[in-house]
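Residue numbers (the numbering used here), protein chains in the order written: chain A, 17 to 239; chain B, 17 to 239.
Errors might be hidden in some of the hints.
Remember, identical chains collapse to one label, so a pair may be satisfied in a single copy or spanning two.
To be verified - In silico EDC-like cross-links for lysine to aspartate or glutamate, where the CA-CA straight-line distance does not exceed 16 Å:
#1 Lys-209 - Asp-185
#2 Lys-18 - Glu-46
#3 Lys-208 - Asp-95
#4 Lys-58 - Glu-69
Bear in mind the hints are in silico, worked out from the structure with no lab data behind them.
Number of protein chains: 2
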Amino acid sequence: MKVAILLYEDFTALDAIGPYEVLRFLPGTEVQFVGKRRGVAKSDSGFLSIVTEHDITSVSSADILVIPGGPGQIVAERDPEILDWVQRIHATTQFTTSVCTGSIILGAAGLLRGLRATTHWMYLERLREFGAEPTLERVVPQGKIVTAAGVSSGIDMALTLAATIAGPDVAQSLQLSIEYDPQPPFDAGSPKKAPAHVTEMVRQAFTDFFATYTERRAAAGGQ
Amino acid sequence: MKVAILLYEDFTALDAIGPYEVLRFLPGTEVQFVGKRRGVAKSDSGFLSIVTEHDITSVSSADILVIPGGPGQIVAERDPEILDWVQRIHATTQFTTSVCTGSIILGAAGLLRGLRATTHWMYLERLREFGAEPTLERVVPQGKIVTAAGVSSGIDMALTLAATIAGPDVAQSLQLSIEYDPQPPFDAGSPKKAPAHVTEMVRQAFTDFFATYTERRAAAGGQ
């Protein structure tokens with residue numbers, strides 16, 4: 017099986033690395049990081065870049081497509097080259113998946129119409145623009161399309177996919193390999209669980225960040 | 017605060033990216049990926065490489081040091097340049113941390129003597145070589161040294177650290193930002209929880225992998 021993970025400019029690293037670290041151990045699987053251009057893809061922090069040995073002109077099919085989220089999604093969702101590539105790869109996949117705001121790219125590519133779907137909790141309502149029904153769930157399988165919630169949810173999504181593809185023994189062995197026995201010191205990972213003032217802190221920080229980010233990307237002329 | 021994350025050849029990506037994705041949002045924090053050489057650091061999959069803008073000759077202090085694990089640790093733990101760097105940086109840190117078998121590098125640098133410490137469950141007993149007392153816990157703070165269990169535990173470790181440094185509100189806001197509300201489809205992330213036959217599968221796979229890996233690295237003359 018071939019897994020293609022799209023790395024557009026300003027993706028969020030954990031969105032991509034979570035699924036990678038699970039799916040690369042699926043028996044008989046090869047993972048490819050696919051950039052818009054070959055070279056390096058800069059993540060949203062600006063100081064983490066990943067080498068892309070493949071680009072969207074060199075990859076024409078995949079068994080599993082993974083679209084991570086990240087602030088660069090606001091540019092990617094309007095990039096005809098990326099949307100066209102996502103549509104073409106989707107036509108060849110067994111599973112088309114997203115983590116975080118990666119689902120907005122799937123939506124912009126027209127793949128979520130009439131489906132339940134999720135994304136980072138801050139951006140759920142945006143999914144309606146694409147004819148999807150937003151839901152605050154961690155992993156949402158809808159036929160061959162599987163969307164997952166914010167950033168860290170890609171690990172859960174990939175384990176769910178591994179169970180579907182290779183069965184529970186293999187999925188559990190992958191979970192044990194990466195010792196995924198989560199014990200966060202707080203139970204604040206969802207707006208349903210975090211204290212209201214913490215949710216408000218994050219909402220404000222994201223809003224401020226995106227205002228600045230949008231200006232900066234607009235000034236830079238998009239891509 | 018400066019966070020230095022060491023990327024030696026054949027590190028495991030999620031070990032490094034988990035803490036990165038949490039700590040980079042700590043207010044006033046700068047994260048640096050530090051390679052043995054500047055350029056790129058190849059992870060253990062062979063097809064994921066991260067750009068290293070810093071190397072061990074250019075970084076001489078850090079407030080937080082993070083040592084990830086990975087098969088390359090079996091070379092790094094005998095590399096005098098790396099051990100010397102870890103000791104020198106440790107002398108400057110507020111926190112010296114490890115994920116997975118990164119703790120074996122801390123042990124080899126002489127930093128775990130007399131301490132309780134953890135690592136990936138498969139390698140716990142190795143910690144005794146360095147005078148540490150192994151414990152199958154997820155995050156083990158011992159003064160300024162904090163060791164964490166296998167691969168994915170770096171997320172929990174970084175959130176624990178964030179709470180110590182910046183308080184529970186900030187730590188919870190980071191958890192909510194990355195929507196870390198884990199819901200793995202199985203409860204098999206620890207050898208205390210996984211079915212015995214699954215644990216045996218993983219033990220065998222790791223043993224086989226390391227036998228091949230050790231031969232390959234020996235044939236390549238270490239680094």
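So, going through the hints one by one against the coordinates:
no. : hint              : result
1   : Lys-209 - Asp-185 : between (31 Å within a copy, 13 Å between copies)
2   : Lys-18 - Glu-46   : within (5 Å within a copy, 35 Å between copies)
3   : Lys-208 - Asp-95  : neither (33 Å within a copy, 47 Å between copies)
4   : Lys-58 - Glu-69   : both (14 Å within a copy, 13 Å between copies)
Going down the numbered hints, you'll see the structure goes against just number 3.
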